[in-house]
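J.: If you follow the hints, you should be able to join the two separate chains into one complex; please do so.
Those sequence lines, one after another, are chains A and B. Sequential numbering from 5 applies to the first sequence in the numbering used here. Sequential numbering from 408 applies to the second sequence in the numbering used here.
Simulated from the structure, these hints should not be mistaken for laboratory data. Since the structure is predicted, the reported quantities are computational estimates derived from the model, not experimental observations. Keep in mind that the hints are not guaranteed to be accurate.
Said to hold, decoys possible - Below, in silico cross-link-like pairs of lysine to any residue (SDA-like), each with a Cα-Cα straight-line distance of 20 Å or less:
1. B:706 <-> A:84
2. A:127 <-> A:116
3. A:127 <-> B:488
4. B:712 <-> A:78
5. B:461 <-> A:85
6. B:712 <-> B:456
7. B:461 <-> B:451
8. B:712 <-> B:435
9. B:461 <-> B:700
10. A:127 <-> B:483
11. A:127 <-> B:673
Unchecked claim - To list a few chain B residues with every Cβ distance to chain A over 10 Å, as calculated:
12. 517
13. 526
14. 529
15. 551
16. 564
17. 597
18. 621
To be verified - Computed beta-carbon distance windows for the label pairs:
19. B:589 <-> A:64: 27 to 35 Å
20. B:712 <-> A:85: 15 to 23 Å
21. B:589 <-> A:177: 32 to 40 Å
22. A:112 <-> B:507: 20 to 28 Å
We put the CB at the ideal spot given by N, CA and C, even for glycine.
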Amino acid sequence: MRTRIAAVALAILLGGAGCDGMIQGADNNPTRTAKKAASKAALTPPGLDPVVAPTERTYLGFDGVDLAASRVVAPAGTDRDRIKPYSALMGDYPRILGNAPGLLDTMAATFADPGPRWYQETKANAVSVYSAYRIAFEGCLTLTGSGATYAAAPTAASATAACTAWQTAFWSRVPATGEVSTCANFATQGTTTETNPRRQWAYTCAAVATAGQFLTF
Amino acid sequence: MDCRQWFALALLAPCLSLAQTSDPGSASRCATRLSVAFLGTSPTSTLMQSVDPKSQVDSLLVDPAFYERFARFINATFNSAPSSIPEQDAAYWLTKVILTNDRPWKDLFEGPYRVDPPNASGGDPQVVSDSNGLGYFRSTPWQIEYEGNEPAGYKLRTAYRIMNNTIGLHLIPATNAPGVDISATGRQQPQCAGCHYDSVYALDKIARVLTVRQGTGSNTTFLPPDPAQIPQTVLGGVVIHDDADLVHALIASPSFSFRACRLGFLFLYGRAEYTTEASVFDACVDAFNADGRIQAALKSIVSNKSFCQ
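Isolated chain B, as found in the complex (with noise of 0.2 Å):
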């Protein structure tokens, strides 16, 4: 039976959804899709032939190659250039651990681990143990390369940091002229208490809850918080007394979810998502909430018809 039988039956719309979706490539288009996507490589041939590729998304999630593909993702989005010390790259080596072990994301800042540099026998940095641990927060080699410079030692960058890789935030640093009063004192002028010390973010506050830096470079040691300023009310009301407080809040909030799922949509997209891709992304945020792997945000989003046509 063609097509104008089913026209002369009257069976109009069947015929059309027929021509829609009569594209035999479709398949492995999808199957090249979520390959490079996932893992970064040509599909391999049972993914290729496969009818339905999306089937083969658990397969995907257990890959090595995709551990690796994500983890390199995660640690460009959270630093802006790669590290020439391996263990400064954390976020690289504790995001391959939580994924080859099946964990909450959370526990990628919250989970009790530490990033140190490899032993002397030399071969990678390890990711060990550690119930003092904070996700690699507390780990030596990251605290050093976040540590900042500002003067009386308070880590305003590491403040940042841990916000910018938890949930997302992003602040642009203003340009001082030479001269200008960078200390706490000067901060506390209009153009730099904005961010400093007005905002729920407030760099400075949640500074002096962390730890303090003294010294630099190979030569820093971390000194506790001076007691007087403990604890701190940031995030729009939350008591913090240590970065543990701090991180706990963000990975409570609604930011975090919402960060999850847009680092889902910019890995497997390539971009953040759409307003007209909002249902999409709800459904990411339900589906990650419920599960508590990055896995589940993941393969929800590639789930929708959307992702492969």
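Only chain A is shown next, with the shape it has when bound in the complex (with noise of 0.2 Å):
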């Protein structure tokens, strides 16, 4: 620490008279401070906290090669988004739809549910997101099966209202103005070819619990 102050002191000193160095780390130099400033900011996205300054902490290993070298480079806390494993899935169906999908229980090596003492990270395929949509539209015909709301077909406002309480429920947070939108417009144009009001409303509901909002977590 005596140290540390020392180096500043020095560097404010030398800063004074016009200096350009770096001292024990201690960079005085304004313009390059700016910019390091900057490009420290331009690593940490807007809505996340700078956890998150490169340390000055190395870690030899016992060849004196620094064992964090291998460090990739971008902006804290991002790339968080992982596939929700079938485990999950078991569970979080039911959670967001109140009932069980029954093609759910056969999905398990579609969403490549590892064997036993075995563990892998999962992936998102063609196969397991058309599966997913499957297993929710099953889930969301059940859902959309009784109530008065899904007699009707839906309209701008019904649809609204929907998109709105499902992305809610199924993705735990507020869904943005063009994300109700987008859903909504799905609802009363994108499943008209479907004559049966029930579902299209448990193609809308699928559409949104197969969305990344709900298959990571």
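T.: So this is what it looks like as structure tokens:
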């Protein structure tokens, strides 16, 4: 600590004299310091706290190589959305839909549920996403199979209300205006080849339940 | 009082702060992230309704589902594929015991244990106390799995696996052309000696202090090493007489706690830490070094507010 204080004090003195140089990690060049601050800020996306400054601590292996040398330089807190494993979906579909789609029990292999004693990070692919939609549609069909709201075809108003409710419940967050309108447009315009209103609603519900906001954690 | 009034009172900062934190779903999203990351399951209604899901982390860390998920994660990290012989997945069985009994993480590698095949009546492999144990490294099923095929019986693969499991050392084996001398003499050629003799992690030197394989598969026996080859100096100046010396040196190094927290990030984030997350990583290392349990490392990582952002 004493060394650091001395270094900072020296840097201030040198800075006052117009000296340009590095003193034990303290940078007294205002232009460079501003650039570093801007660079650091750029690595922190809006809405995330800057946890996050690279530290001065190093970890050396037996061969003197920096163990952290392979770290990726990327914004802190990003690349966080992981695909939910099958074991989590088993509980999450019933939690959001209020019923357990029967298809779910048959989909362990589709979602690459690992065998005994094994683990693997779940990856999404075309088959798993399509299967997720099928599962969601089955559960949504049960959900929309009763209730007066779903007896009539979606209108702009009813779709906006239902989309807002589903997105909020399925995604655990308040949806953005654009997300609601996209969903409502799908309900009113993208399901019109279906003549059964309850199935129209089920398609809409399934779309919300197949979004990344639900399938990731 | 609405935001315009706040502005009128020149209290801009509190108003913005309020706007940024008014996210009614943040707690339930955090609950989901915690539950799936630790347990692999949908959150319980109790966790889902908690206003501070992170306050439940201690409960998650003693949940049998966490023991199972983390043991699987370790097994899949320490091995390239699941074994068809359950007791050869020794890291899986012993990790569960370490977690269940709240033991220090280093016990996985140097604790007085042994992983045996199921008893005659069947069931699961058995983790038994063994004063001569060295984590799972002296368990016969594991030794057989990683005995390798070196012509003279030197257990190069075992040497590598011990270092890989404890400190995360990663070496890439070279592909030999047919007919190339793969004996100890051949491995002294420049293209091989880098890993086998010259490196601080010299596989051949380390293998000289390990038991020597004789036979293969179920007919394998392990003979004591040649006394004339002991000790060896590796790891940048560490003198080792046997596998225990090697493991103790690895565990005593900064590489061990680095590995523990790297595992923590991989388990909880699905990726290694970024340069910009170094402060979270450093806090993890401090927590792990102070406590010794892998649970402390994991708790440190999720305790940072960034985990649920």
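J.: Look at each hint and say if it fits the structure.
T.: We went through each hint and held it up to the structure:
Taking the CA atoms of residue 706 of chain B and residue 84 of chain A, the gap is about 18 Å. The hint holds against a cut of 20 Å. Taking the CA atoms of residue 127 of chain A and residue 116 of chain A, the gap is about 8 Å. The hint holds against a cut of 20 Å. Straight-line distance between C-alpha atoms of residue 127 of chain A and residue 488 of chain B comes to about 18 Å, which keeps the hinted pair within the 20 Å bound. At roughly 18 Å between alpha-carbon atoms, residue 712 of chain B and residue 78 of chain A fall within 20 Å of each other, so this suggested pair holds.
Of the pairs offered as hints, the one joining residue 461 of chain B and residue 85 of chain A holds, with about 19 Å between alpha carbons and a cut-off of 20 Å not exceeded. Taking the CA atoms of residue 712 of chain B and residue 456 of chain B, the gap is about 19 Å. The hint holds against a cut of 20 Å. A threshold of 20 Å between alpha carbons decides the hint, and for residue 461 of chain B with residue 451 of chain B the separation of about 14 Å falls inside it, so the pair holds. Distance restraint check for residue 712 of chain B and residue 435 of chain B: the Cα-Cα separation of roughly 15 Å lies within the 20 Å cut-off, and the hinted pair is therefore satisfied.
Annotation: proposed proximity of residue 461 of chain B to residue 700 of chain B holds, straight-line Cα distance about 19 Å (limit 20 Å). Under the criterion of a C-alpha separation no larger than 20 Å, the hint pairing residue 127 of chain A with residue 483 of chain B is consistent with the structure, at around 16 Å. Proximity of residue 127 of chain A to residue 673 of chain B is assessed by CA-CA distance (about 15 Å); at most 20 Å being required, the pair is judged to hold. Annotated as non-interface, residue 517 of chain B keeps its C-beta farther than 10 Å from every C-beta of chain A; the closest such distance is 18 Å.
No beta-carbon of chain A comes within 10 Å of the beta-carbon of residue 526 of chain B; the shortest separation is about 19 Å. Residue-level check passed: residue 529 of chain B sits 15 Å from the nearest beta carbon of chain A, beyond 10 Å. Taking the minimum C-beta to C-beta distance to chain A, about 17 Å, the non-interface status of residue 551 of chain B holds against the 10 Å cut. Distance to chain A confirms residue 564 of chain B as a non-interface residue, since its nearest Cβ pair spans about 20 Å, more than 10 Å.
The Cβ of residue 597 of chain B sits about 18 Å from the closest Cβ of chain A, beyond the 10 Å cut-off, so the non-interface label holds. With a minimum CB-CB distance of about 29 Å to chain A, residue 621 of chain B clears the 10 Å threshold, and the non-interface call stands. Restraint check, residue 589 of chain B to residue 64 of chain A: a C-beta distance of roughly 32 Å satisfies the suggested window 27 to 35 Å. Between residue 712 of chain B and residue 85 of chain A the beta carbon distance is about 18 Å. The supplied range of 15 to 23 Å therefore holds.
Between residue 589 of chain B and residue 177 of chain A the C-beta distance comes to about 58 Å, which lies outside the given range of 32 to 40 Å. Take residue 112 of chain A and residue 507 of chain B: their Cβ atoms lie about 26 Å apart, and the range 20 to 28 Å holds.
Checked against the numbered hints given earlier, the structure breaks only hint 21 and satisfies all the rest.
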